[in-house]
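Colleague: Line order of the protein sequences matches chains R and D.
Start counting the first sequence at 1; every next residue gets the next number (my numbering).
Start counting the second sequence at 1; every next residue gets the next number (my numbering).
It should be emphasised that the hints constitute simulated quantities derived from the structure, not laboratory data.
Glycine included, every Cβ here is placed at the ideal spot set by N, Cα and C.
One or more of the hints may lead you astray.
[Stated by the list, open to error] Pair ranges (Cβ atoms, derived):
| id | chain 1 | residue 1 | chain 2 | residue 2 | range |
| --- | --- | --- | --- | --- | --- |
| 1 | R | Gly136 | D | Ala100 | 45 to 55 Å |
| 2 | D | Leu239 | R | Glu171 | 50 to 60 Å |
| 3 | R | Arg33 | D | Ala231 | 55 to 65 Å |
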Amino acid sequence: MLAAMSTAIRIQGLQKSFKDTKVLRGVDLEVSRGSIFALLGSNGAGKTTVVRILSTLLRADGGTAHVNGFDVATQGADVRQSISLTGQFAAVDEVLTGRENLILVARLRHLKDAGTIADDLLERFSLTEAGGRRAGTYSGGMRRRLDIAMSLIGNPPVVFLDEPTTGLDPEARLEVWQAVRELAAGGTTVLLTTQYLDEAEQLADRIAILHEGRIIVNGTLGELKQLLPPAKVEYVEKQPSLEDVFLTLVGARTEGGHR
Amino acid sequence: MNRHFLGDTAVLLGRSLRHIARSPDTIITTAVTPIAMMLLFVYVLGGAIQTGSGRYVNYLLPGILIITIASGISYTAYRLFLDLQGGIFERFQSMPIARAAVLWAHVLTSMVANLISVAVVVLVGVAMGFRTGASVLDWLAVAGILVLFTLALTWLAVIPGLTATSVDGASAFAYPLIFLPFISSAFVPTASMPGPVRAFADNQPVTSIVNTIRNLFAGQPVGTGIWTALAWCAGILVLALLFSARTYRRRTA
Ligand SMILES: Nc1ncnc2c1ncn2[C@@H]1O[C@H](COP(=O)(O)OP(=O)(O)OP(=O)(O)O)[C@@H](O)[C@H]1O
Ligand SMILES: [Mg+2]
């Protein structure tokens, strides 16, 4: 019970196949409450699949997953009450304005003062001026910001962000990072997937790498870096970056070989 | 049933109605083809069609209304498909809302949009000389049948909306539905058709529905035909509901 209190997300032996492809072959993961957890993995590793199972959009073939103490397979409604999802591709209503999108989500979360909530978020994500325009006219980055803003409505205790900063300019990226830090500071648990290793380095309390259907490492940045010895041949001793750790562990696929 | 069902449906219905208000062309497109057919049949072909003593437009209008609805409901499949493509569907699915509300909002939107299209077509019919001595009760009966018919076909349209892999696929299913009135009593009396065609025409849903509406408009007794019409609508509705609910459950894991 104590464990359930301090654990926001618990995944045990999670399996999922699509036809013949075994995407998840027994994923184990725990994310403690109020922390930022980064899930890394190459394209097609199954990060989105994990997120979709956790947000009750997809049923696992085997294993269990609990979010906020609720079983995703049997307590879907409770899980949905506890989470918000920012999917890999922005999910906004293009016909509605930015402000209307936010109001829509606020109403669907059964909140009062939907208009005030919308205006606050527009402000926070630098969208006030664009708020009255149809979301279909937004640039990719604006759309993504709106998308993330929509996901923050209602302050759910657990937030999933699937590649939240892909396609954002550096400034917008910093805004999103700031928003993520504020969330965690407020006690929200954040599970994010990312292709940007520096993003994980910057934000995450813990990092896990999903590879060939399993979590092959899981630890703090410091722990992960210790998996590789510092490069000794260099003139000045250099700590391995997370990128080095990642590429070594998943087996560098880049042409010409990486060390 | 989820306690938020009504509230969530209302919110999502508001969203879909905004979509329609911002692209009214979907309603116009829905009405244009049936109106063009009505013009063609009344002013070009109608002179050669023997339907009895009354005006041909009086004979024709019920069938035209059926065609209007049959083409209108394909927009439900289209809009549902776009929601799935755009990811907003998954956002709704991951939120603490009554899941059925997502579909009901689309269905109710279809009811509103088709009602408007049907009203436009009726007005054009009136401008072309359509007249009826129908009482308020008759009108209510006509409205009731059309609402039931629209509801049944809309739930049918939900299935391709959820399963289609392309925009064309999402709306293509409506073509046979639009074609069905041509092999019915909608344009010409079935008595003029050769044996097997007539047998099909007499026993398919459009004929009983069209005949019932025509009789109601003409102030004629509807006989047992109205029960056949209602049974068809109710049967299609129940089947469509079962299948779309099953498709939806599969789709949403
Ligand atoms: N609905 C589906 N049907 C069939 N295969 C699927 C489906 N969804 C995902 N897959 C497959 O599962 C594997 C994992 O996909 P997933 O989207 O989870 O990867 P990812 O780690 O999020 O990748 P990326 O970094 O590119 O977003 C891929 O091989 C993908 O083709
Ligand atoms: Mg992904």
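Colleague: A separate judgement is required for each hint: does it hold in the structure or not?
Modeller: Hints, verified against the model:
no.	hint	result
1	R:Gly136 to D:Ala100: 45 to 55 Å	28 Å, violated
2	D:Leu239 to R:Glu171: 50 to 60 Å	55 Å, holds
3	R:Arg33 to D:Ala231: 55 to 65 Å	58 Å, holds
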